[in-house]
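**Student:** Below are the chains, spelled out letter by letter.
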Amino acid sequence: MTRSPFTNPYVLILPGFLLSAFIILWPLFQLGNISLSEVNRFGQIRGFAGFENYLAVFNDPDFYGALWRTLIWTFGIVIGSIGTALPIAIVLHEDFYGRGLARVIIMLPWAVSLTMTAIVWRWALSGESGMLNSALMGLGLIDTNIQWLAQSSTAFPMQILIGILVTVPFTVTIFLGGLSSIPDDLYEAARLEGANPFQLFARITLPLIRPFLNIAIVLNTIYVFNSFPIIWATTQGGPANSTDILVTYLYKLGFRFGKLGEASALSIMMFALLLFFTLIYVVLAMRGEKE
Amino acid sequence: MKRTWLLSVAGAALLSLNATAQADTLRVTVAEYSSKTGPYFEEAATAFEAANPETDVQIEVVPWDVLLQKLTTDISGGANADLSIIGTRWLIDFVDQGIAAPFDSYMSDEFNDRFFPTFLSPSVMDDKTYGLPIAASARAMYYNKDLFEQAGISQVPNTWEDLAAAAEKIAALGDDVYGYGMQGKEIETDVYFYYAFWAYGGNLIDADGTSGLDSEAGYQAAKLYKSMIDGGLTQPGVTSNTREDVQNLFKRGKVGMMITAPFLSSQIATEAPELSYGVAAIPEGPSGARGTYGVTDSMIMFENSEVKETAWKFLDMLFEAEWRSKFTGGEGFLPVNKAVAAEPAFADNADLKAFAAVLPDARFAPVIPGWEEIAAATSDALQTIYLGDGEVEATLDGAAEKIDRILGN
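Listed in order, the protein sequences are those of chains A and B.
FYI, numbering that gives the first Met the number 0 numbers position 291 of the first sequence as 290, with every residue one higher than the one before it.
FYI, numbering that gives the first Met the number 0 numbers position 339 of the second sequence as 338, with every residue one higher than the one before it.
No lab work stands behind these hints, which were simulated from the structure alone.
Model, not experiment: these values are computed from the prediction.
Incorrect hints may appear among the rest.
[To be verified] Pair ranges (Cβ atoms, derived):
| id | chain 1 | residue 1 | chain 2 | residue 2 | range |
| --- | --- | --- | --- | --- | --- |
| 1 | B | Ile-367 | A | Pro-156 | 48 to 58 Å |
| 2 | A | Leu-27 | B | Asp-95 | 28 to 38 Å |
| 3 | B | Ile-367 | A | Leu-54 | 21 to 31 Å |
All C-beta atoms, glycine included, are put in the ideal place defined by N, C-alpha and C.
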C-alpha cells in the first residue's frame with residue numbers, strides 16, 4: 000500500500016501546530032527578544048542588553064517577597080479549593096430533593112466575572128461601611144470595625160479566601176464529572192460486603208477520581224498562579240507591596256514604571272517556573288498511574 | 000495574468016473610493032473622567048464632522064487606570080491614535096522618545112493667549128509646546144461647617160497645628176466622626192503627604208538633584224501625620240482608604256476636614272446637596288510656606304500621525320471657549336481658558352474662587368523620567384510609617400536612597 004503524503008502524521012498535525020505556534024510560540028519569542036534587549040518606555044527596542052534585565056529583576060528585593068507570596072497564594076488556593084470542592088461535589092452527587100437548585104447556587108459565582116466579584120469583595124471588606132464588618136457586628140462577634148484591607152496580615156488571608164471561593168465552582172464541576180464516571184454497582188457490591196461510608200470513599204471514590212484530581216490540581220495551579228484581578232481590585236498589591244504576587248508586581252513593573260525589558264524577563268521566568276512545576280507534577284502523576 | 004489585472008483594478012477602485020469618500024480618519028484617545036466624558040467628545044466629533052464632511056473622527060474612551068497601559072501597547076505595536084489625552088507628568092517620556100509632536104508651528108499668538116500660562120507651562124519642554132491642557136485641577140481643604148460648629152471651632156485652621164487641634168475637637172464628638180480624613184492607599188497617597196511636607200519647607204527634589212524626603216521637613220510632616228493617626232484624629236485603617244473612600248466619608252458628614260480637588264464640589268452637589276461645607280487654603284507650615292498640588296492633563300499629537308493638519312483643526316475647535324466651558328463645567332475642573340474663567344458660572348462660584356486663590360502656591364509633579372516609580376517608592380514608605388512597621392527617619396531615608404537610585408545619582 001502506498002501512502003499518500005497528505006496522510007503523513009506530521010502533515011496532519013501541521014495546521015494545529017501552526018495555530019498554536021501563532022498563539023503561543025510567537026508571543027513567547029517576542030517576549031524573549033524584548034527581555035534580552037534595551038527597550039524604552041513604549042516597548043520600542045533600542046539595542047541588545049544581554050542578561051541585564053534578568054539581573055535587574057534578581058537585584059530587586061521586592062521580587063523575592065512577591066515570589067514567596069505567589070507560592071503561598073497558589074498552594075493556599077489550590078489546596079483550599081480542592082479540600083472544599085471534594086465534599087461539596089460528593090454531596091451534590093447524591094440524589095436529594097432540590098439538588099438542581101443546590102448545584103445552581105454552587106455554580107453561580109462562576110458566572111460572574113472575576114473582576115466584578117473582586118470589586119464586590121473590596122466593598123464588603125471596607126472598614127467603615129463594609130458588609131462583613133456589619134455582619135460580624137450583628138452577630139456580636141466583634142465590637143469594633145476591623146480594617147480588613149489596611150494591613151497584609153488580614154488582607155492577604157482574605158484574598159486567598161476569595162480566591163478559594165471563586166475557584167470552587169470550576170473544581171466542583173471537574174469532580175462531578177469524575178464522580179458520575181464511577182459505576183454505581185461498585186458501591187453496591189462494596190456495601191454488600193459491609194464496607195462503611197469512609198471505606199467507600201477511601202477505597203473506591205478516591206482512587207477512581209484520581210485522574211480528575213490531577214486535572215484539577217494542574218489547571219488550578221496554572222490559573223491561580225497567574226490570577227491578577229482579586230489582588231489588584233482589592234489592594235493593588237499594597238500597602239507597601241505587602242500583598243504583591245508576581246503578576247501584580249509584573250504589571251507595576253511593565254505598565255506603571257515602564258520597565259518593559261525587566262517585565263518581559265520576569266514573564267519568561269514565570270513561564271519557566273510554571274512549566275517546571277507543571278511538568279514535575281504531570282510526571283509524578285503519570286508514574287503513580289502506571290504503578 | 001487575468002487575475003492580477005482584475006486585482007489591480009479592484010485595488011485602484013478601492014483606493015479612489017477611499018480618497019473621495021473619506022479623506023481623513025482622525026483617531027482620538029480620551030481618558031474617561033466621568034460618565035459625561037464619552038458623550039462630550041462624541042458630540043464634539045459630530046460637530047467637527049458636520050463642519051468638515053470629509054473627515055471621520057473616531058473617539059476611543061479609556062478608563063484612567065488603564066490609559067498608560069493602552070498607550071504603551073498601542074505605541075509599541077505602532078497602532079496609536081493621532082491625538083491622546085495623557086497625564087502631563089508622563090509627557091517627558093513621550094518627548095524624550097520622540098513620540099509627541101510639538102505644536103509650535105500651528106499655534107498662533109491668539110491661540111496661545113487663550114490659556115492661563117500656569118496651566119500651559121507644564122507642557123512646555125525645551126521651549127516647545129508638546130501638550131495642551133485639557134483638564135486642570137488644584138487641591139484645597141474642604142471642611143464640614145456643621146462639625147466645626149458642633150465642636151466649637153470658629154476659625155478655619157490656618158496652620159497645621161491649628162488643623163491638628165481642630166481635628167482633635169472634632170474627633171472628640173463621637174466614635175464615628177473623624178477629625179482629618181487621611182488618604183493612605185493607591186494613587187496620590189504620596190501627594191496627600193506632600194501637602195504637609197511642602198508646608199514644612201520640603202522639596203521633592205533638592206537643589207543638588209537628590210530626593211528631599213530625608214530632610215527635617217520630611218521627618219516633621221511624617222511625624223505629624225503619624226501622631227494624628229495614633230491619636231485617633233483620622234479615620235481608622237488609613238492604609239485601606241483611597242482618595243475616593245475619604246471623599247465618601249466626607250460626603251456622609253463623618254470627616255471634619257480633607258484635602259482634595261474641585262471635583263468633590265460637583266459630587267457633593269449631586270450626591271449630598273444638604274451637606275454644609277466650605278473650601279479653604281491648605282494650612283501653612285511654621286515658616287508660612289504652603290503648597291498645593293497642581294495637576295494638568297494634556298492633549299498631545301503623535302509624531303507618526305498622518306493627519307496632523309486635521310488633528311490641529313479639531314484641537315482648535317476643542318479649545319474654543321464654547322467647548323471648553325462645556326467640558327470644564329461638566330467635569331468640575333478649573334478653567335484653563337481665560338474666556339471660560341470669566342463666564343459667570345465659573346467666576347461667581349465660591350468653591351472655584353477658593354481654588355483660584357490657592358493657584359499661586361501650586362506645585363506640579365517634577366518633570367523627570369521615572370516619576371511614577373518615585374511616587375510609588377514614596378507611597379510605600381508612607382504606608383510603612385502609617386502602619387507603624389518602620390521608624391519615620393529610617394523609612395524616609397531608605398525611600399530617599401531608592402529615589403536617588405531611580406534619579407541616577
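**Student:** None of the hints should be skipped; say for each whether it holds.
**Tutor:** Taking the hints in turn, this is what the structure says about them:
{"no.": "1", "hint": "B/Ile-367 <-> A/Pro-156: 48 to 58 Å", "result": "violated, 38 Å"}
{"no.": "2", "hint": "A/Leu-27 <-> B/Asp-95: 28 to 38 Å", "result": "holds, 30 Å"}
{"no.": "3", "hint": "B/Ile-367 <-> A/Leu-54: 21 to 31 Å", "result": "holds, 24 Å"}
Figure legend: structure checked against the earlier numbered hints; the only hint not met is number 1.
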